[in-house]
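Given chain A's structure and the hints, the job is docking chain B onto it.
Number of protein chains: 2
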Amino acid sequence: MTEKKLSRIGELFLLDKIRQDFPTKSGKVLVGIGDDAAVIRPEAGNLLLTTDMMVAEVHFDLRFTTPYQLGFKLVSVNVSDIYAMGGTPSYILLNMALPEDTNMKFVEMFFLGIKEAMSFYKIKLIGGDISSAHKSMSLSATLVGYASKPVRRSGAKAGDRIYVTGNLGDSACGLELMRKIKKPVPIQNKTKNKAQGAQSNDHMRYVPFKGLSWTTVEPLLRRHLMPIARNPKGFAHKATSMIDISDGLLLDLTRLCNESNVGARVYIENIPLSNELKKTASHIGISPVSLALSGGEDYELLFTAQTGKKVKGIYIGEITKSERVLVDKAGREKPFTAEGYQHFRISK
Amino acid sequence: MTEKKLSRIGELFLLDKIRQDFPTKSGKVLVGIGDDAAVIRPEAGNLLLTTDMMVAEVHFDLRFTTPYQLGFKLVSVNVSDIYAMGGTPSYILLNMALPEDTNMKFVEMFFLGIKEAMSFYKIKLIGGDISSAHKSMSLSATLVGYASKPVRRSGAKAGDRIYVTGNLGDSACGLELMRKIKKPVPIQNKTKNKAQGAQSNDHMRYVPFKGLSWTTVEPLLRRHLMPIARNPKGFAHKATSMIDISDGLLLDLTRLCNESNVGARVYIENIPLSNELKKTASHIGISPVSLALSGGEDYELLFTAQTGKKVKGIYIGEITKSERVLVDKAGREKPFTAEGYQHFRISK
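Residue numbers (the numbering used here), protein chains in the order written: chain A, 3 to 350; chain B, 3 to 350.
Hints were generated in silico from the structure; no laboratory data involved.
Small disclaimer: the values here were computed from a predicted structure and weren't measured.
The list treats identical chains as interchangeable, and a pair is accepted whether it falls inside one copy or across any two copies.
Heads up, simulated DSS-like pairs for lysine-lysine below, C-alpha to C-alpha not over 30 Å straight-line:
| hint | residue 1 | residue 2 |
| --- | --- | --- |
| 1 | K323 | K19 |
| 2 | K107 | K117 |
| 3 | K124 | K151 |
| 4 | K185 | K137 |
| 5 | K323 | K312 |
| 6 | K137 | K182 |
| 7 | K124 | K30 |
| 8 | K30 | K235 |
| 9 | K137 | K117 |
| 10 | K184 | K117 |
| 11 | K19 | K151 |
| 12 | K107 | K137 |
| 13 | K311 | K331 |
| 14 | K159 | K19 |
| 15 | K184 | K137 |
| 16 | K30 | K151 |
| 17 | K30 | K159 |
| 18 | K107 | K184 |
| 19 | K117 | K235 |
Pulled out of the complex, with its shape left as it was, chain A reads as follows (with noise of 0.2 Å):
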């Protein structure tokens, strides 16, 4: 069964195996899976809608990453953007287009990466399509969530401090070691790995630098591989802004400073940086600010509140008039624009 061919069993079929999978007609969800569209009783606030892809060979690498896996952070990424908005998250629709030599057991464990984010985030499966792919594979998600008062990017105001949910850096750092580990790492969710932890010889083999460990190596490819978005819940109602760190911190802050219409003042000695990005970039030869400042994927959420907010962050900056800086330890201030992001894809 798992060995037979995606193109051998059919949609049909899969549809039907997704729809015993992901039984969702309940509550509010009146139909679920398995008609033209979907049909939800709306809940009371605003209604948030989101979509985000994920390309073979641009956004992931099937060489690097178990489906499973993949899966997993194809729900992440989605719902990162609901929390972004200080939203909560309630419904999924999955588009996959997938080669027809995919065999059902890579099928398989990419459902269960959805089923476990799914359980994880409180969502439900209400819908999607899967075709066959001439070439790569490519899929998408739509999230749909509830939001009483939306977070936008564009509340900033000059004066505002500018705050971090977590350690940035460690997504890019994973990718890095990824590329020379060249093979799937086997880290699955937090309670499944401490079993494989207690193996951690085995897991030597996925550490491609002398002197480093896998406890400080699995953080990093952990981030990369199965990034948890972060649930704004308890601060989303003091931010004044906010936005996900998708694409890196200084091309995040800035879409965020654009749609605000001002500028940001960022101390580089506050970005939080995580010991095993410290222990870790040294090896690969690459400053873990850089990391920290360009690399994405860290699905930390950036935010702004007034001055005097207390709130749950890690205060990095300030929000100017319209100047946008880097100060260093010993204050000099450097301009900074979304570039530096790009030139870092570039040499990538």
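Just chain B now, kept in the frame of chain A:
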């Protein structure tokens, strides 16, 4: 400008252009394109959500279609799923994975097609995602709509009559013509096409068989290249079940029967065939009935209603308890399955 390649112009520029072209903030759209998610104030009634992909070399062939037609069709096939629930489409989100050598002219014409379809169906673009693609183009859309009383596939009862909204097989015949023509045909929306009709001598180079005229093949090509989704307003409240015919009458009727747990008796003679189809199919050497039964992408609606209800539709048969048969002119019955379609696909 229009000669520039997408990779040079970049995602950010393209997004800015789209935001200018598709201003969305108005009325119930609190946040449109340009934030982490769109924000909508939901209307009364049930929310409908559907998503459909169009993948290069699976759903379309870039040698055969213009980017304008592709954009228009992407909207139509998704609107069709909302109509098939008896709903009104409201919002669209778009995903595009475009090969890096896609030029800006292509993107502009693609968006022109999207825009004309959006205006035709009175829907608004509220979000999406743009990515480069390593190899082939992959498109998808998510449609959001409303229905006070959604019409499901599962409501058909034995004794109900089966109806379709229009001629079947035209689109499949149009596809067969395209396989002979092997180049894009400049069909645009109806109003523009009238002007084109005047220069029909020009169009004879798109007529692949002697003895056929442009006025015969044009409607078939149009149905394939630029399908129009059928709005069920006016009869949806009388329908007991409904589905759109995207994969052929037999396959979609089988889906409806499976969901309703019933059978169907279809009178072949009642299946509406256009004169253009009858004329053209004989030149191609395919039976027009087989195109009507198994050809996909007609985007007509297939629905059932209680006997005695007056509905705007073409009566093609009745729902039975379980037997699924085609009845010919002489009254002979032949069982049908969805297989008919799959064989047809394999032979393509």
